[in-house]
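Given the structure of chain A, go ahead and fit chain B onto it with the hints provided.
Number of protein chains: 2
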Amino acid sequence: MRKPRIVVLGAGYGGLMTVTRLQKEMGTDAAEIILVNKNDYHYETTWLHEASAGTLHHDRVRYSINDVINRSKVNFLQATVEDIKIEEKKVITDQGELEFDYLVIALGAEAETFGIQGLKEYAFMISNVNSARQIREHIEYQFATYKTEDEKNDERLTIIVGGAGFTGIEFLGELGNRIPELCKEYDVDPKKVRIVCVEAAPMILPGFDPELVKYARAKLEKKGVEFSIGTPLKEATENSVLIAKGEDEVEEIKAGTVVWAAGVRGNPLIEKAGIENMRARVKINKDLRAPGHDNIFVIGDCSLMINEEINRPYPPTAQISMQQGEVCARNIASLVKGSEHLEEFTPDIKGTVCSLGEDDAIGVVYGKKLTGTKASFMKKVIDNRALYMVGGPSLVFKKGKFKFF
Amino acid sequence: MRKPRIVVLGAGYGGLMTVTRLQKEMGTDAAEIILVNKNDYHYETTWLHEASAGTLHHDRVRYSINDVINRSKVNFLQATVEDIKIEEKKVITDQGELEFDYLVIALGAEAETFGIQGLKEYAFMISNVNSARQIREHIEYQFATYKTEDEKNDERLTIIVGGAGFTGIEFLGELGNRIPELCKEYDVDPKKVRIVCVEAAPMILPGFDPELVKYARAKLEKKGVEFSIGTPLKEATENSVLIAKGEDEVEEIKAGTVVWAAGVRGNPLIEKAGIENMRARVKINKDLRAPGHDNIFVIGDCSLMINEEINRPYPPTAQISMQQGEVCARNIASLVKGSEHLEEFTPDIKGTVCSLGEDDAIGVVYGKKLTGTKASFMKKVIDNRALYMVGGPSLVFKKGKFKFF
Chain A
1 MRKPRIVVLG AGYGGLMTVT RLQKEMGTDA AEIILVNKND YHYETTWLHE
51 ASAGTLHHDR VRYSINDVIN RSKVNFLQAT VEDIKIEEKK VITDQGELEF
101 DYLVIALGAE AETFGIQGLK EYAFMISNVN SARQIREHIE YQFATYKTED
151 EKNDERLTII VGGAGFTGIE FLGELGNRIP ELCKEYDVDP KKVRIVCVEA
201 APMILPGFDP ELVKYARAKL EKKGVEFSIG TPLKEATENS VLIAKGEDEV
251 EEIKAGTVVW AAGVRGNPLI EKAGIENMRA RVKINKDLRA PGHDNIFVIG
301 DCSLMINEEI NRPYPPTAQI SMQQGEVCAR NIASLVKGSE HLEEFTPDIK
351 GTVCSLGEDD AIGVVYGKKL TGTKASFMKK VIDNRALYMV GGPSLVFKKG
401 KFKFF
Chain B
1 MRKPRIVVLG AGYGGLMTVT RLQKEMGTDA AEIILVNKND YHYETTWLHE
51 ASAGTLHHDR VRYSINDVIN RSKVNFLQAT VEDIKIEEKK VITDQGELEF
101 DYLVIALGAE AETFGIQGLK EYAFMISNVN SARQIREHIE YQFATYKTED
151 EKNDERLTII VGGAGFTGIE FLGELGNRIP ELCKEYDVDP KKVRIVCVEA
201 APMILPGFDP ELVKYARAKL EKKGVEFSIG TPLKEATENS VLIAKGEDEV
251 EEIKAGTVVW AAGVRGNPLI EKAGIENMRA RVKINKDLRA PGHDNIFVIG
301 DCSLMINEEI NRPYPPTAQI SMQQGEVCAR NIASLVKGSE HLEEFTPDIK
351 GTVCSLGEDD AIGVVYGKKL TGTKASFMKK VIDNRALYMV GGPSLVFKKG
401 KFKFF
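Same order as they appear, the protein sequences are chains A and B.
Just so we're aligned, residue 1 is where the first sequence starts under full-length UniProt numbering, counting upward by one.
Just so we're aligned, residue 1 is where the second sequence starts under full-length UniProt numbering, counting upward by one.
Looking at chain A on its own, in the form it has when it is part of the complex (with noise of 0.2 Å):
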């Protein structure tokens, strides 16, 4: 009898987890597990704004496949997906094609632009380390240029970072404490550096308590960062951004970078692949599984699921996903031994803590709000902890954050 073959695609934090689980439920007679990934390492999204403001090594936001995968259970297959043949039972990556009896979408997100000119052609986006080490590389190389002009363009050192969400406001407190640094560098007048915030919201870090968003704001603002709220982003150009500024204004603010970090979609293969989505995101059953597809689940980024308290999606995170990445595995334990009852998913989400850059942070910890160097330190608590989750002590040892006083 052919043993059944379980398919994730994606090593992000959805995927790994549950592969890690996976490999622990199972015998190895008891089904094939195939992992597939673009990359031979995992990266930690939620670190990528450090690695974008040059602030932490993108070696050290990223760790490798092979290091926390039981390579007598799972065999990893390096390769970029690039359809998935729902009826077929098969996936189609550029190493050749895969059949699946299950499978598992875990595919993340993409950065997404609300159709809003040049922002592909003339933006940054902190998607994944590629693109973090290219930001990082383009703030830098627009220092060392500036001080190579005759005529100096101050305008070269504005960063404009579009979004003041979770990504947006973390990535602009790691700038607060890099730009500095780059100066230093770079031998360039701090005075000459700009950071500017535009946001088309009222409000920066929408759904966060306003108490510590007024925390985060007065901050970053300290830290050199202007705020435009309430002003859409229209247009990205070559060397600069119009926001509209009420009804009929609208401004251009000149920069040498733009990083748009303003919301999330998930991946297009979604859509490709004609399983019913919104923004290429699947509304996923409570079993985690693609509604009317029975072998087919949809976690992380990849998926929607509606928090019926507030009536709202849960937001992308990487808390979510690993607790799904965990659900997923013993559904699919489930159903490989023939049963049919899986277990239903409920989020546990037991705080979020948004970073300031190093030793500064807000959140909310098991309904405690905490400020400064306390929300610091659980912040690299939960960072340690996804460490922890795929790849147990050894890992956290060589990749986890601590801060030796």
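It is worth saying that the hints were derived from the structure and are not from the lab.
No residue lacks a Cβ here, since even glycine has one placed at the ideal position from N, Cα and C.
Mixed in with the good hints there might be a few duds.
[Said to hold, decoys possible] Selected chain B positions facing chain A (Cβ under 7 Å, derived; list incomplete): (1) THR113; (2) TYR141; (3) ALA144; (4) ASN177.
Below, chain B without anything else, positioned relative to chain A:
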């Protein structure tokens, strides 16, 4: 009675040596000494190829001028020289005018582009700390960007070095060592990277011992450097160079980075000042004065001296500049004392070592040919000696090059 005022323009090898020797030779009452320099630091021009490749941090190639001058005897003015009014005995700077009784012009060299189209716009020059830092960052940005491209543009990873003279070869040696590091840092396949040296002359390192040249070429080729010799660079474009092959044929080489390292000329201020010159270099008298100007000394790369043994100019080297600085200081001291008997300068070429990257070099020292680690060691001795001459043992300790086995 007013003290005579000595103004020294430039804190490169020649200018700084003049000032440090003047401050030893002369009492506080004998003369007023003013050193004018654009930056508040001196940089080691002969180490810039390392900072450009990224094998040595740019802070390692510079030191503060205030660390080596005796501020009770020398006034340092951080200013950019804009004009020299010979007849009026004054210097115009962006910080105001400065009268002088004795002037030392030690303003160094600029890159010579020989009118080749596009070089000024599109090629980088290894000229100073700012430009070296920009080259380093430009190359890193090309590597980072390559990894973010959907359609990989391999030519982005091609680096063209124009010129197979001293600077070109030393830069190629550093690049050969740097590329493997860059490939690791940016996850780039080393096979995708090309380094091409384009030289108009029919040989590399003209004037060097042929046996040593052969060694250098073989070593650089082993590091992946391709040589295109006897092929003048005709034009640089935004992303390529055009080189002449034979009579009528022109070959285009696409490249993400073009560095022009094929020769220098003196400072344009020499031409502006109306002093007789050849490519902005003054053919000086044996006492280092400009012909017809008894109170103006020209030393370093702005000066031109003929080596009568071979009837060719001496090359613009740090070694000669520093030796000139010593004689210049003694001659000025004589003039201030009222003596008209000035010393004649004769270069004392102790040796020439051309680095091929960390741990490898070729050279002739006291008439003996050296290669490999021995030559490399001598190169470090020479580099440290330059520091010692200006700033004594403490400067060698701070900025010197040592290798601990």
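Numbers of unmet hints, in rising order: Result: hints 1 and 4 break, sorted rising.
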